[in-house]
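J.: So the chains spell out like this:
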Amino acid sequence: MTTHPTNPAPDPPSALRLPPCKSLPPSALRAWCVLVVQSFQRHWRVRQMGWVSAGLLALVVVWVAVVTARGGWDVASQRARRTAATKDAPRTTNAREAQRQSRDARYTLLLDGKSDELRAHEVPNPLNPTQDSLASLIFEVPQAAMRDEAFLKSWAFMTYSRWVVMLVFMGFVLPLFTLSYASGAFGTERESRSLVWLMTRPIPRSGIYLAKFLGTLPWCVAFGLGGFAAVCFAGGDVGREALARFWPAAVVGTVAFASLFHLVGAIFRRPVVVGLVYVFFFETVVAALPGSLKLLSLTFYARSLMYNEAVHAEPKHPSHMLPAMTEAVSSETAWVVLVAVPIVITLLGMWLFSRSEYRDDV
Amino acid sequence: MAQTDTLLRYRPWRGTARGPLYAATALARASLKLLFRHWQAWSLLALSLLVFFFFFYAQYLVVWITNLLATDTVRFAGFPVSVRNITRFFEPLALNGTAHTFGNFIWYQGYVLVIFLAYAGSVLVGSDFSHGSLPFYLSKPIGRWHYVLGKCLAISTLINLLTTVPAILLWVEAGLLDDWQTYYFKQWRLLLGIICYGLVLTVTLTLITVATAVWVRRTVPMAMIWMGLFVLLPMLASSLVATLDDRRWRLIDLWNNLYLCGLSCLRADSATIRPQPQPEFWQAWLVTGTVVSSCVLYLRKRVQAVEIVA
Amino acid sequence: MSDELKTVLGRAGGVSPLITTSAPDKVLVQQGSPPASHPREPSSLAPLLLFEQVSKWYGSVLALNQVTLELTGGITGLVGANGAGKSTLLRMANGQLKPTLGQVSVRGTDAWDWRARRLVGYCPDIDAFYEDLSGRRFVWTMARLCGYTRTESNWRTEAVLERVGMAGRADRKLRGYSKGMRQRIKLAQALLHDPELLILDEPLSGIDPIGRQELLELFQALAAQGKCLLISSHELEALEKLTNHVVIMARGRIAAVGTLQQIREMLDDHPVSVRIDVDRPREVARLLLALPEVLAVDVAPKLADGGTALVVKARNPKRFFELFGRLAVEQRLDVRRLEPLDESAHAILGYLLGGSGRT
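Residue numbers (our numbering), protein chains in the order written: chain C, 1 to 362; chain Y, 363 to 672; chain G, 673 to 1031.
Honestly, the hints are just simulated from the structure, not real lab data.
Do not take every clue at face value.
Unchecked claim - In silico DSBU-like links for lysine-lysine, alpha-carbon gap of 30 Å or less:
(1) G/K845 x Y/K663
(2) G/K851 x Y/K502
(3) C/K294 x C/K316
(4) Y/K395 x Y/K663
(5) G/K913 x G/K851
(6) Y/K663 x Y/K502
What the hints assert, rightly or not - Per the computed footprint, the stretches of chain Y lying under chain C, defined by three or more beta-carbons under 8 Å from a beta-carbon of chain C, are:
(7) 402-411
(8) 577-587
(9) 599-609
To be verified - Far from chain C, by Cβ distances over 10 Å, these chain G residues were calculated:
(10) Q725
(11) L773
(12) E803
(13) L932
(14) R954
(15) P964
(16) V966
(17) E994
(18) L995
(19) R1004
(20) V1007
(21) R1008
Ideal Cβ positions, reconstructed from N, Cα and C, are used throughout, including at glycine.
Construct the entire structure; sequences and hints are all you get.
T.: Spelled out as structure tokens, the structure:
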């Protein structure tokens, strides 16, 4: 039952006559700026998504921290791939394996009568000095590598880049977070059918699209770059080097993905499904295919940027340590594409949005 | 006015109600219809069919090549190449009608299935909460468990549609490509194994879907959680196994656990499972069982929470 | 309420039988002439809201069929059954939907254009908000999104909340509001920018009688202030207290426009065909022909369903139904079905004779 407020309403006509603007007339620009702030705040209100993102990020950070603490990026302390050890025995590290294969160690074993601990090609052959010295030379290579500071550094950095940055961050964290936030800008409004409140305001439709995008972008960048920073700090020295080298690529990749998913959110009624298919089929499959098809994948350009940064910037790391990226485009091309894509997509979205009607409740 | 009495033709329904279990099947039917009204569901189904047809024709191709050219070599770019080397390309998929054929097929279907379930969960369960259609269902003479059962039925139909049914078709195809009598009689255990694998998948994934959908309700967080479970955890698992040298880390990868359970149903040798090393079968069963029971406990808690706040 | 404010001119398009048979412009134009020769001219002379031959398809469904309508002031009621196209019409008026054919303009500006929305306040029929905000905060945000400064938004928010009687109780979260409170908040946000044209989609649904009376008074006060209100409702009864001027919609068409008296008069002049299913058709036909209003009776009409029935052509529907009702009671007729045969007449009669529009 509705009741009158405690103070009786004043004489209707006089109270109603809103004076025509006490201060300034309404301005579309001001409304637009308010909309940017409002759409930023809307994401804050959807706490659940923030918690889930933070949880996923925490999982990744813990993983990186654990692997880092166990020296997982360092080739010397990584587990050797082929050893004489049986399946059940713990595998030894590369450093120890190299040590074991040294000439002295092998002869010691031979003379102690424990040659059965050696594999067939490792057994020294004093009767054939040529072959023996040749074998020793070959077995010297890993030992030399284990002693080479620069090699070890490069290896650690490239391993970290490959697993953490390229695979988990570029392949999972960045696309998923930008998808969640950018497609949610319109997605949650449409899901809760509250878009009508924005559409009835005196703001141009293309402006609404742009404002929503700009309000969402800080979240995407915060979770994209912030997540990247967190993951990198958990990775110790290697991680910090990766952060210093790769952050521009992470930022520009975030913006490109955000613009794309914002458009997806404006077009499709269930943008997340479309986005997931795009990220986990198109991006993963296409980016792995040979040929020119991968030029359609956004992550390819971001990865190229990272690859060039790792291989061509001082100190240079050997390119063969990052497999499957040999066809990278030049940094200039990648920059042009990654800057142009958000602009083009946003303009396209503004144009589409200003022409389409939304009737989700019908 | 007495005459107007005859105009009133209302009478009670004279049939007998068939009980709430039938209501659950009706609910499942309605849910599936609702789901397949969206074009996204059809496109995901098409994607899964793509995987199926790849396996279907590749299996045929392998048999055809080996039968036709068993002893031959073919000239490939000027070099004589043994036919065995051509079919070797398909060897990782094990397209020879053994346990791994079906295991691999379901493994690859998992990629589509995961997205499909994230979508189905939010459409079927999440939107009932967020749009307040739950009171509509619960105002019918069915209990809350019947509602959950109906939704579970819909989702499990979907899971089987994507995994078990096509896997059985592949089994039938494998038999027809071979001598059908010997294959069907010798390999009937494989059929049983496929059905068991499907059962494990159905129970586990259905419960996880419904539980997460009841928990988060919205599409976006639901998708994030699913991708975390089925994309991030496998990535982390493989990396942890490699660096920490403990194969039990692979147990955090739920899809891999289900794969192991399935292969143990199919009676595959644990040494042939890729990627190696893998944990023991019983460990995978244990983790899966824990996940299932915790989902049931969670649903029980939620279902007993009486109030529905729209 | 001055007369010129109530001037509402409407021309129903399409082939509504009521209107084609009786020169529409003469009957329906209460005052004034057809729209000026330059309807798009963005001046105050341009009509406040103008629908020109507007049609709208949703896929293959025709939601609006050649609607032509012009509003210049006062309160206009829009009545029709569910699915008659009321909401579609209102959404087009505030630029939420684009017409498939034809044109909608507000003071000469295309309604799709954002500038038109400065002149229009819209109270939607959907019941969705930012549920986590308080009512006051929601209205304030809407004011900010209209482009007002903080201080301006503050006092505008207070003013409109006061107007809709929510000033003292707008601090709770919206999700805890009753239906009536939500309706008031929706109304409040429509009033924020003091628009010339207020489009209210079912503003009275879910509001209790006391609240309804308050809102009706508010609408009247707004109209007295020179605003133009377009209010939709299922019930003519609710609008009848408020305005005399209604638009009746049926199946995407405008069935009739004008004051209630005009429509009633028009109906009186317009013969109506009624199908009556009874047991003894010939006997009943004889009785019917004795009624003064009945022009003709067809005892063996060709009907779509092949049943046996009478089709009666009557001069004055209202009078005819009164007489027929009395006859049915006196003669103990077993009437199985009674149905006007043309749709527009069906709808209009439904509203004028009471009921929900479904005779």
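J.: All hints, please: hold or fail.
T.: Here's how the hints hold up against the structure:
no.	hint	verdict
1	G/K845 x Y/K663	holds (28 Å)
2	G/K851 x Y/K502	holds (24 Å)
3	C/K294 x C/K316	holds (26 Å)
4	Y/K395 x Y/K663	holds (29 Å)
5	G/K913 x G/K851	holds (22 Å)
6	Y/K663 x Y/K502	holds (22 Å)
7	402-411	holds (count 4)
8	577-587	holds (count 8)
9	599-609	holds (count 6)
10	Q725	holds (19 Å)
11	L773	holds (15 Å)
12	E803	violated (8 Å)
13	L932	holds (25 Å)
14	R954	holds (49 Å)
15	P964	holds (48 Å)
16	V966	holds (44 Å)
17	E994	holds (38 Å)
18	L995	holds (43 Å)
19	R1004	holds (46 Å)
20	V1007	holds (38 Å)
21	R1008	holds (36 Å)
In terms of the numbered hints stated before, the structure departs from hint 12 and from no other.
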